[in-house]
Amino acid sequence: MKPRELISLILLNLNRRKGRVLLTAIGVVIGTAAVVVLVSLAQGLKQNASAQFGNIAEMSQISVYPDWEAQMMIEAEGGEYTSPPPITPDVVEEIGAIPLVKAAIPRTGVYAMTILKTGKLEAWANVIGIGTDDLSVLGLEMASGTYELTKGTVIIGEEVLKNFYDPNQRAEQEPLALSDLQDQHMTLELTKWSEDGSGNYIEVKKALKLRVAGIIRASRSEWDYSVYMPLNEVLEINAWVNGRRFDPKKDGYEMVTVVAEDRESVLNIASQINDMGFMAYTPQEFIQGVNSFFVVLQVIFGGVGGIALLVAAIGIANTMTMAILERTREIGLMKAVGATNQDVLSIFLGESASIGFIGGIGGVLLGLLLGELINIFGSVYMAGQNSGMMGGGSATLSVATPPWLILFALAFSTLIGLISGVYPAVQAASLVPVQALKNE
Amino acid sequence: MDYIHTEALNKHYEMGHTIVKALNGVDLSLPEKSLSVVMGPSGSGKSTLLHLLGGLDRPTSGEIYLDGSKLSQLDENDLAVFRRKTVGFVFQSFNLIQSFNALENVSFPMRFMNVPRKQRIEEALFYLEQVGIADRASHKPSELSGGEQQRVAIARALINDPTLILADEPTGNLDTASGYSIMEILAGLNRNGRTVLVVTHDPRMRQFASHIIYLLDGSIVKESVYEQAVQQVS
Ligand SMILES: Nc1ncnc2c1ncn2[C@@H]1O[C@H](COP(=O)(O)OP(=O)(O)O)[C@@H](O)[C@H]1O
Ligand SMILES: [Mg+2]
Numbered sequence: 310m311k312p313r314e315l316i317s318l319i320l321l322n323l324n325r326r327k328g329r330v331l332l333t334a335i336g337v338v339i340g341t342a343a344v345v346v347l348v349s350l351a352q353g354l355k356q357n358a359s360a361q362f363g364n365i366a367e368m369s370q371i372s373v374y375p376d377w378e379a380q381m382m383i384e385a386e387g388g389e390y391t392s393p394p395p396i397t398p399d400v401v402e403e404i405g406a407i408p409l410v411k412a413a414i415p416r417t418g419v420y421a422m423t424i425l426k427t428g429k430l431e432a433w434a435n436v437i438g439i440g441t442d443d444l445s446v447l448g449l450e451m452a453s454g455t456y457e458l459t460k461g462t463v464i465i466g467e468e469v470l471k472n473f474y475d476p477n478q479r480a481e482q483e484p485l486a487l488s489d490l491q492d493q494h495m496t497l498e499l500t501k502w503s504e505d506g507s508g509n510y511i512e513v514k515k516a517l518k519l520r521v522a523g524i525i526r527a528s529r530s531e532w533d534y535s536v537y538m539p540l541n542e543v544l545e546i547n548a549w550v551n552g553r554r555f556d557p558k559k560d561g562y563e564m565v566t567v568v569a570e571d572r573e574s575v576l577n578i579a580s581q582i583n584d585m586g587f588m589a590y591t592p593q594e595f596i597q598g599v600n601s602f603f604v605v606l607q608v609i610f611g612g613v614g615g616i617a618l619l620v621a622a623i624g625i626a627n628t629m630t631m632a633i634l635e636r637t638r639e640i641g642l643m644k645a646v647g648a649t650n651q652d653v654l655s656i657f658l659g660e661s662a663s664i665g666f667i668g669g670i671g672g673v674l675l676g677l678l679l680g681e682l683i684n685i686f687g688s689v690y691m692a693g694q695n696s697g698m699m700g701g702g703s704a705t706l707s708v709a710t711p712p713w714l715i716l717f718a719l720a721f722s723t724l725i726g727l728i729s730g731v732y733p734a735v736q737a738a739s740l741v742p743v744q745a746l747k748n749e
Numbered sequence: 024m025d026y027i028h029t030e031a032l033n034k035h036y037e038m039g040h041t042i043v044k045a046l047n048g049v050d051l052s053l054p055e056k057s058l059s060v061v062m063g064p065s066g067s068g069k070s071t072l073l074h075l076l077g078g079l080d081r082p083t084s085g086e087i088y089l090d091g092s093k094l095s096q097l098d099e100n101d102l103a104v105f106r107r108k109t110v111g112f113v114f115q116s117f118n119l120i121q122s123f124n125a126l127e128n129v130s131f132p133m134r135f136m137n138v139p140r141k142q143r144i145e146e147a148l149f150y151l152e153q154v155g156i157a158d159r160a161s162h163k164p165s166e167l168s169g170g171e172q173q174r175v176a177i178a179r180a181l182i183n184d185p186t187l188i189l190a191d192e193p194t195g196n197l198d199t200a201s202g203y204s205i206m207e208i209l210a211g212l213n214r215n216g217r218t219v220l221v222v223t224h225d226p227r228m229r230q231f232a233s234h235i236i237y238l239l240d241g242s243i244v245k246e247s248v249y250e251q252a253v254q255q256v257s
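Chains A and B, in that order, are what the protein sequence lines are. If you want the numbering used here, it's the position in the first sequence, counting the first as 1, plus 309. If you want the numbering used here, it's the position in the second sequence, counting the first as 1, plus 23.
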C-alpha cells in the first residue's frame, strides 16, 4: 500500500469509530498534558532561578586568584605553610595569551580604610584598582558617563549611590540620583595606622580628589557595589599604606578578571588556568550545578507525566485489542480481497499511533492552556505575596514551554500509541483469513 | 493441465481426539471458463474446497494448481497477491463493511493495489452498473435489500477483474426472485469469459452449469459434465 492510501484508510477507520477513538485518546491527552505542564513548570522554575543569577556579561568572565586552597590543603595535612605563587604581571600576561581570552585584567583592592565624601554626604566604599583604562571590555552597561578610566577619575557601581548618607541627619534620606555624582568631584579619604616609634599606633589620613567619570548600571553582579580606580593609583596608595613599593617580580595582584571571547570557551580557559597553578572561578560552574538540578527535576516531573502516559498506553492497547475482536470479519475480508499481512499490520499500527498522536495534540493544547492559567494565577498570587515586601527580587511562579517539549510530547505520545498497537496489530496481521471470515 | 487442478487434496481439522476430514482426497479438474456448481449436504466440505481454491487457507496435504501456479509454492505475500488479482469471492453473508457506502465497499480492494482514487471511483461505478445498482452507489449496506447487498458484493469481487469467481451459497440469504437474478449475474460473468464456482442448493443454478460436483463427507461422489454448456462458452 502507498503511504497516502494507508493514511486515508487509517483516517477512514478512525472516523467511523470516532467515539471509541476519542475516549481512548483522552487518556493520552491527560498523560501528555501532565508531561507538558510538569516539564514546563520545571523549565519555568529554572528560568526564574537563572534570572536571579545576575548579568549575562558575567557569564563570560573568570575570576582568578592565587591558589590559597591548595596551600590550605597542604597545611591541613601537616605540611608547611608557604604562600601560593603570586599573580605577577608576567602571570597576567601569560593568562592573556591563552587562546580565546579577550582580556586579562588584574585587580587589587586598597589596603586602607576608605570613605567617599561629597558635600555633606559620605559613604563607605570598596575601592578597587583595575588594570584597564577601558571598562567596556567587561561587557558592562553604563548608567551614565564613560567607560574610560583615566588618572584622577573613578567609575562607580550604581548601588554605591545608595550608600551615601548625611551623618548629621537622622531622618530617612533620599538616595542620590545619577546626576548628583556624574562628572562631580568627590573626596576619597584614606586612613592607615602606623607606629609612632613608642609602640602606639596613630591614625594617618590622606585625601584624594577624584572625578566620577561614569556610573555602571546595576546588573545584580559584583560590579554594582564597588568604586573602580586605575590600578597604578591603587598600587601607589598601597605603597603609602605598606611603606613599600609594589615589586612586579615578587608581588602579585589580588586577582585577575579574565574575559573570554565567548561563553562556550569559559570552562576550557578556566581549566587551563587551574593547570597553571591558580584558582579560577566561573559563575558558569555554579549555574551548571543549578542547571543539572533542574534537569533532574524535569526528569522527575516528566516521569510522573510518563506514568500517566503509560496508563494511557494500556488504554490504547485495550482499545486496539477490542477492535480486533470486533473487526475480525473485516480483517478476514481485507485479506480475502488481497491485503497482505504487512498491509493489515500497517493499518492497525497506524490506527494506534494515530490515537496516540491525536491524544498528543489534545494533550499539548491542554498543557499549554493549563500553563497559561498557572502563569496568570501565579503572577496574581505572587503579586499579592510580594506587595508586603520592600522592593527585593520579585519571585514569580511561571511556566515556560520550550518548543522542543511540544515536539517531544507529540513524538512521545505517537510512539506510545505505536508501541501499544504492536501486539494487537501483529495478532490482526497473523489471522488466517478463512478463520477470520468464519467468525460470526 | 486444466485451469483448476487438485491432486489428493486433504483438509483435516483436529477436534480434540477426533480428526474431522473436511476434505478427503479430492482430485478435481475444471477447465477455464467453466461454470461449476458444487452441491452437497451441510458439512460435506463445500466451503472448505472453495477456501482452499481461493487461497484463503492452506490444505493439510495435496496440491492445488490454479491458472498454472502451484499454490503451495506461494508465500503469504504471493498468496495475498493471488487473492487480489486472480480471485473474486462472493460470500453468503455478503461481508460488506457497514460504515462504507456501496461505492466505497466496491472500491475497497483497490486500496491495496495503488489505484488512484479517481480511477477507483470510475471502476466501482462501472461494476455497480454491471450488476444493475449504479443508482445505489451512495447507500450504506443497511439501506439496501439483501439482493442489492449481494450485488454490491459481486461488484466488489469483480473490481480487480479476476479470472476466477468463487461464490459460497450466494443466494442462501436471499428470496427466490433476487436469488435468481444473482444466478443470472454469475452466469453472465461466466459468459464473459470468467471461470465460476458456485456452491448452492438451488436447483435452478444447474441450467447455467457446465459442471456439477457432488460432495459427501469431504469426497467427490459424483461429477457431471454438460458438454453443451462448456461449448457454449468456449
Ligand atoms: N475451523 C474448523 N475447525 C474444525 N472443523 C471445521 C472447521 N471448518 C470446517 N470444519 C468442519 O469441516 C467440515 C466441512 O465444513 P464446510 O466446508 O464448512 O462444509 P459445508 O460448507 O459443506 O457446509 C464440517 O464438518 C465442519 O464442521
Ligand atoms: Mg459452507
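Hints are computed from structural coordinates only; laboratory data are not their basis. From the three backbone atoms N, C-alpha and C, an ideal C-beta is built for every residue, glycine too. Heads up, a few of these hints could be off.
[Stated by the list, open to error] Now the stretches of chain B that chain A is said to cover, found in silico as 3 or more residues with beta-carbon under 8 Å:
no., segment
1, 26-37
2, 102-109
3, 152-163
4, 214-224
[To be verified] Pairs of lysine to aspartate or glutamate residues, derived as EDC-like cross-links and limited to a Cα-Cα distance of at most 16 Å, are as follows:
no., chain 1, residue 1, chain 2, residue 2
5, A, K518, A, E402
6, A, K747, B, E192
7, B, K141, A, D571
Now for the hints, and whether the structure bears them out:
1. With a cut-off of 8 Å between beta carbons, the segment 26-37 of chain B has 0 residues touching chain A; three or more are needed, and the interface restraint is violated.
2. Beta-carbon proximity to chain A at under 8 Å applies to 5 residues in the segment 102-109 of chain B; the threshold of 3 is reached and the given coverage holds.
3. For the segment 152-163 of chain B, the proposed coverage by chain A is not satisfied: 0 residues have a C-beta within less than 8 Å of a C-beta in that chain, short of the threshold of three.
4. With 0 residues bearing a CB less than 8 Å from a CB of chain A, the segment 214-224 of chain B misses the requirement of three and the coverage assertion fails.
5. Restraint check for A/K518 and A/E402: the C-alpha separation of about 32 Å exceeds 16 Å, so the hint is violated.
6. Between A/K747 and B/E192 the alpha-carbon distance is near 14 Å, which keeps this suggested pair within the 16 Å criterion.
7. For the given pair, B/K141 sits about 60 Å from A/D571 by alpha-carbon distance, which is inconsistent with the 16 Å threshold.
Comparing the model with each earlier hint shows violations of hints 1, 3, 4, 5 and 7; every other hint is respected.
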